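Numbered as in numbering that gives the first Met the number 0, the sequence shown ends at 314 without a single skipped number.
Note that these hints are calculated values from the structure, not bench results.
A quick note: this is a predicted structure, and the numbers were derived from the prediction, not measured.
In this text, a Cβ means the ideal position worked out from N, Cα and C, and glycines have one as well.
Any given hint could be a false lead.
Under the rule of at most 27 Å between Cα atoms (straight-line distance), these lysine-lysine pairs were calculated in the DSS-like manner [as the list claims (entries may be wrong)]: (1) K202 to K227; (2) K198 to K227; (3) K227 to K126.
For each label pair, taking beta carbons as the anchor points, the in silico distance ranges come out as [claimed, not checked]: (4) P281 to T224: 53 to 63 Å; (5) T189 to T224: 14 to 24 Å; (6) L123 to K186: 22 to 32 Å.
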Amino acid sequence: MSAKYALIANSYQMAYWTDEMPWPRDDGFPLYRQMFGENSLEINPANTYPWPLVTKNGKPMTVSAEMAVVYRFHEFIIPSFPIKNQNNETLWEQNLFDTSFNATGFLEVGLERILAGALSSHILNFKSGVDESFRSAGRYRGRPFDIVVSSIVHEREQGLPTFNQYFREYNAQDPEVIVPIRDTWDKFSTDPEVISRLKRLYKHPDDVDLVVGCQLDEEWFLGTTVPKSALIISLFSLFGMGNSDRFSIGFTMMRCLLVDRPWDCHPSNALEDLLWERRDVPGFPNFRFYNEFWVKELDLPAHGIKDSEKFDTQN
């Protein structure tokens, strides 16, 4: 939820950014413009269908393996949350880890009490650490489980590049935002204890795992509270997933222009049915066009980034 709302907040900047505004020039959507287009026409989905920028071999983009290990959502896991009654009074404090193995408890408490408690909880931020219960989970699938160690294990199992390997290739593309290579131990961290542990665990700075290097990154990406290196890796997936998803606003707005035609439009889901309003046109029983209310309400300059979240939370 924290990551979702961080993206929502940043999307306002993305939607209304101009050269004169005092926002960081290399943040969010401006960075995407620099990578893939200089104006709205170049990145408009109508001009780039089937969206080669956000698909791979014609198929919708999925989370990259690199993003899966560095965009550390498990750091947002709260230790506990309150169970509320209809008067918003706390009945008890529920340990979150205990709910992992208690499906019947969810039915007994009920969704409304759980949601009320979750919404009143403070969501942690990146680099806030992970609650010990998720690092000492006892036996999980027949063996001890540590969610942090699992990130490193998954990275190595998939043969992902190390931190320096990844960003040497990234920097070779001449991006606007450079990530300095950590060719010495002290460039990973200013904490002497961390440096000492890195020297003990790795033979050379080039051996440091991608997820470890991102986690130690002490520089936030401008305008965010996400480690700079981690967000750069994630940006290549985040925008693509948002716009290649057939349930996104960007895809929905093109449904009856590029998949069907307005005079013979057949929505495939509820969102498309909502945005493409049926019109009474003689001879065309399936004629549809944009619903004026929702087109204005959803603020389409930020298609696929902010709109689905706004649609979900406000309506």
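Hint-by-hint comparison with the structure:
| no. | hint | result |
| --- | --- | --- |
| 1 | K202 to K227 | holds (25 Å) |
| 2 | K198 to K227 | holds (23 Å) |
| 3 | K227 to K126 | holds (12 Å) |
| 4 | P281 to T224: 53 to 63 Å | holds (56 Å) |
| 5 | T189 to T224: 14 to 24 Å | holds (19 Å) |
| 6 | L123 to K186: 22 to 32 Å | holds (27 Å) |
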